[in-house]
Every structure is written in C-alpha cells, then in structure tokens.
Amino acid sequence: MELVFIYIVGLDDDFIRNQGFNFSSNYNFYVSFCNERYELRQKECRNILPENFFDSSSCITNITAIIGENGSGKTTLLNKLAKDYLGVRKIKCEPEYEIYYEEEYKKDMYIAVYIENGELICYRNIDRFANFTGVKDIYLFEGSEKLTEMVRNNTRFRNISRICLTNSMYPAWNGIAADKSIDKIHLNMNSLNVLKNMFYEKKCKKIKSARFLQYQDIIKECRKNQDFQQVLDVIYLQYMKEKENGILTQNINGNLTVRFLLFTKYFYDKFKGIENSGEQGKYLKECYDKVKALMSNFDSQLLKQDVFCSLYIDLLFELHAYAQVVETDEGKNIRNKQALLKYLKESIDILSERKDENAEFFNEALNEIQEYEQCLSLCRMHPNSLPVSDSAYVAYKEIEYESSSYYGILNLVRKSAFERKYSFVLKYIDIGGLKLASGERALLNFFSWLYIVPYFRCIDTSLETSLRDNILLLIDEIDLYCHPLWQQKLIYYLIEEARALFSGKKVQIVFTTHSPIVLSDMPQNNVIYLTRKNGRCVIDHTMQDTKTFGANIYKLFVTIQNPLIQR
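Position one of the sequence shown corresponds to residue 6 (the numbering used here), numbered consecutively onward.
Incorrect hints may have been included.
[What the hints assert, rightly or not] Listed below are the simulated EDC-like cross-link pairs for lysine to aspartate or glutamate, each with C-alpha atoms no more than 16 angstroms apart in a straight line:
hint : residue 1 : residue 2
1    : K97       : E44
2    : K210      : E365
3    : K511      : E124
4    : K420      : D238
5    : K248      : E407
6    : K246      : E124
[Stated by the list, open to error] Simulated restraints, written as ranges between beta carbons of each label pair:
hint : residue 1 : residue 2 : range
7    : K211      : G283      : 36 to 44 angstroms
8    : H488      : K297      : 48 to 56 angstroms
9    : K48       : K97       : 39 to 47 angstroms
10   : K185      : K494      : 31 to 39 angstroms
11   : K277      : D435      : 17 to 25 angstroms
12   : R537      : K48       : 24 to 32 angstroms
13   : S394      : K185      : 54 to 62 angstroms
14   : K97       : D435      : 55 to 63 angstroms
15   : K420      : G540      : 48 to 56 angstroms
16   : R133      : A505      : 15 to 23 angstroms
17   : K426      : Y102      : 24 to 32 angstroms
The hints are simulated quantities; they were obtained by calculation from the structure and are not laboratory data. None of the values given here were measured: they were computed from a predicted structure. C-beta: ideal position from N, C-alpha, C; glycine also.
Taking the hints into account, I'd like the entire structure generated from these sequences.
Below is the structure:
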C-alpha cells in the first residue's frame, strides 16, 4: 500500500494549509475548492516511471525527496505524514465540547489517495466533496463500518507502520504507538531513552522481592542511552559481518573493548554512594553490608586483573537482594574468584533444593556469564601503565578485530538481546573501542536504529508482530553529518538495507535533504520543492522542471539552494 497524494486542509493559523502533495512521478492529483466543496481532479503525467523502478524485488515501492530552504516546512510535512488520519467529525457530544471537537476535526481534515493491490483508492473525512477522477472513493465518518473495521483489524491505510527517523539533536517527534504491531515509532536521540527503558525493562526479571525489584529499577534508571546504543552498535556490527556489503563495512574495523560494571556503580549514580541512600535504600544497604562482609577477605586487585570478577560479585549481590537467607560454609572464606564461583553455585543449588521458582533464573545468569567468559578467554587485558593499586586503573578486555572472540562477542550480545528472555550480562556490560568520525557515528545510529525495528517484538512482547504489512519510512535530514562520498551512495544503500530488513513488506520512503548529491539519484517528479510564502508552506512550482536524476551536482546546488553562487 502506497501513499500517492495527500491534501491537507489545516486550520487558519496552520503552517501547512490547503496544500496537496504528490509523491510519485506516475500520478498528478490536485484539489480545488469550488462551490463550497473540495474537488479532486487529476492531470496527465509526463514522465511515467517503469514498474519496480527503485527495486526489482518490488519491496521498495516508491521513494520521494522533499527539499527546501530552512523554515520552508520540510519537517512539518513529515510530521503530517506521520499522523494516522483517523480523526472524523464528532456527531454527538456534550455541548461544552462542541467547539473543541470541531477544531480537532478541522485540524485533521484531509483527502488521501493510496494505491492498494494495484487499485487507486481515495480516503477522506471531508463531507463536502466531489470526485472527478474515477478513483474509488471512501468517506470515513463517525460510526462508519469501514472506519470501525480499519481500527479494529488494522486494515487499509491502518495496515501501515510509520517509522520516523532523524539524527537531528532537535527532533519534533518522540515516542512509540502500537496496537498489536507498531503503528508509529520515532527513532532519534530523544526517543532512544524510551527504547532504552523498554529494553532494560524487558531484560530485568520481575521477582516478588521488594529489595530485588528496587535494585532492578535502579539499574534501569542508571543505564544510559549510550549503554543501549553500545548494544545496538554491536548487534548491527554482527549483521554487517554476515552481510559483508554495507555502507560502513570498510569503515568500522577496529578492535573492541569490554568491561563489566560493579553493582556499586549504580548506587553511586543513584545515591552518590549507598551510604547516602537513607531510608530509600535502607534494605539495599543491608544487602550491601552482607556482601561486603562476605567479600572482606577477597583480593581486590583481582577486580583489575579479571573483568569477570565484577560480574560474579554482581550476581552475588543480586542473590542476596533476592534471598538474604542463603548461607553456605564457603561464604565464610571468599578470598578469590574460585571461592566466589563455588559460593555462587552452592547458593543456587540451595535455592534449587528448596524448589525456589527463581533458582533457574540465577542458574541461567551464571551460565550466561560463563559463556561470555569462555568467549573472551583468549583476549588479553588492555595494557595499563598505571600501578594496579592506583584508583585510576581501569581494566578491560581488548578484542582483536576479526578474531574468533570478535565474532563470538557479536553473536553473544545479539543472543542476549534477542534470544534470551532475560539477560544478566547486558545489565552490566560496557562496550568500547569504536573510534568513529561524526559522519560514521551518524550513519551507525541511522542503520542500527533501523535494524532494531523488525525485532521490536523482542522488546515489547505484548505485540502480536513487530510490523504491519506496509511501511512508511520517514527520514528527516537524511544527509546530516555525511561525507559527500557517502551521500553519493546513500540512496543505494538505503534501498539495500530496507529491502533486507523488511523483506516481505511493502516499503515507501519519504525523506528530506539539503544535499544536491543525494538529489541526483532521484527522478525529477519524485522531488517535492517547498518554499515559505506569506508565512505558509507552499510548493515551489518554479522548481518542478529542475532536472535531478543523474544531473550535474554543481548545477543542482546552484539551482536549488545557493543564491550567493547564483549571483
């Protein structure tokens, strides 16, 4: 299902008002207001694109570029396209709400033409309407059977997942909306926090223990967006290594580093130290004191010589946060890693003997740690010239690029993220080593965020499926931070990625750009030129004859956006 035209009515003070936008070279609709009604008409198209022009597999149905100077309405138009357009005129409501509902309806008045299974269909919530095109017309109003069926079963243009993506630091979009599957998801620096919270909420097990739950909440709160992005980076690196052909394949090729945070780090982030937690951390302080006593004879320098000691101590703390009553003879003499591991195994065995419902969870956590330890057993500790006794000494494993451990850690992180119901390791892991330029960082953000979408059900298991049958991918400032050489390849790689990630779906892409280099890959009539006139967003029809596809980049630059060079 593909959006080929939308007419936005808008309110008197809206930036976009009474404007129609065509998204395909193959259709040219327009709306005029005559005789107190909106009239849909169609013009003949001059340059028809062949079928499957953008993608021979027919997964990518259409791509449209939106271009214009700053403030011309590019992002505003994308925001409009992100709406679900299910608003209809309220027929019955309390008198005091009549003005409110009428304003909301006028704000959402639209006429939209989609192509669905080869048939053009016009959907509208406007009653004063005349259709002069021969296109099938469906009027949606309160109580209409078609509207009810669309909302209930996510059919027709409700059968579209809208993915809104931008690398901008000031996005207008945020949040996630879902009903059985993704309705709309915003991927940007701000919404990453929402995804991060959902991810760690899923990876932290809920156990009927106030202490344990409080500690898990502290972990979720203190894990930063950067920690989540590290996981996304590694998952996407694993995908790139399988694919062996991507825009970043040749650029991201350095060693990785891995260390694991000690649970006390979260207490510092939350309370500036457990000693300062007061009444709020009273019971966790009791667990902390218990673990501190157990570890009083432990060789602390081992924490800087073996990164996995931290993880085993973290597991020790979580065990005591869950069940402080666990006692073993080994617990009286934990001096080294071997004794610590023995104590953990005995403690979990005691839970199993009691037929404790959470014994298996702790056993799985121990197994997961040991999987990572085995994977990284051949990796060296990163050299550090400071004495081990120095508080600034930081220990981490260095994973050589393309070694067996490198591929192993990529696979393990993906397994922990997508295959394990819970992950103990991902709550504490700290992955570094990627040395990226701003353009590389922007592209890795872009594609790693996009990659997570088909697997979204792994984060939100309440969904029946991650995505609907059709996808509208809306990208704001697609070229942001990108080197010209990457801009030149961006559309090609975007098509390749979308086709691979959304196989079996129908994908329509609409993006904004300032780049004539990106624009040179676009057919002339698949470009919408916007300008600002009398305080409103309007189409700049003077630009519609500008040649874009395969055009000279200098000429495009001069024509589109550089008045100084023009002069």
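Please check whether K97 and D435 have a Cβ separation lying inside 55 to 63 angstroms. holds, 57 angstroms
Between R133 and A505, does the beta-carbon spacing fit 15 to 23 angstroms? Given range 15 to 23 angstroms: violated, Cβ gap about 45 angstroms.
When you check the alpha-carbon spacing of K248 and E407, does it fall within 16 angstroms? holds, 14 angstroms
Does E44 sit within 16 angstroms of K97, going by the straight-line distance between their CA atoms? Between K97 and E44 the Cα gap is close to 27 angstroms, so the pair fails against 16 angstroms, i.e. violated.
Against the 16 angstroms threshold, does the CA-CA distance of K246 and E124 hold or violate the hint? Distance ~40 angstroms between K246 and E124 Cα, so the pair is violated.
If you check the beta carbons of R537 and K48, does the distance land in 24 to 32 angstroms? holds, 25 angstroms
Taking the CB of K426 and the CB of Y102, does the distance hold inside 24 to 32 angstroms? For K426 and Y102 the Cβ distance comes to about 45 angstroms; the hint is violated.
Taking the beta carbons of S394 and K185, is their distance inside 54 to 62 angstroms? Distance hint for S394, K185 holds at roughly 57 angstroms.
Regarding K420 and G540, is the given constraint of 48 to 56 angstroms on their beta-carbon distance met? holds, 54 angstroms
Using the C-beta atoms of K277 and D435, is the stated range 17 to 25 angstroms upheld? holds, 20 angstroms
If you check the beta carbons of K211 and G283, does the distance land in 36 to 44 angstroms? violated, 25 angstroms
Given pair status - E365, K210, alpha carbons within 16 angstroms: Between K210 and E365 the Cα gap is close to 12 angstroms, so the pair holds against 16 angstroms.
Hint compliance for this structure: hints 1, 6, 7, 16, 17 are broken, all remaining hints hold.
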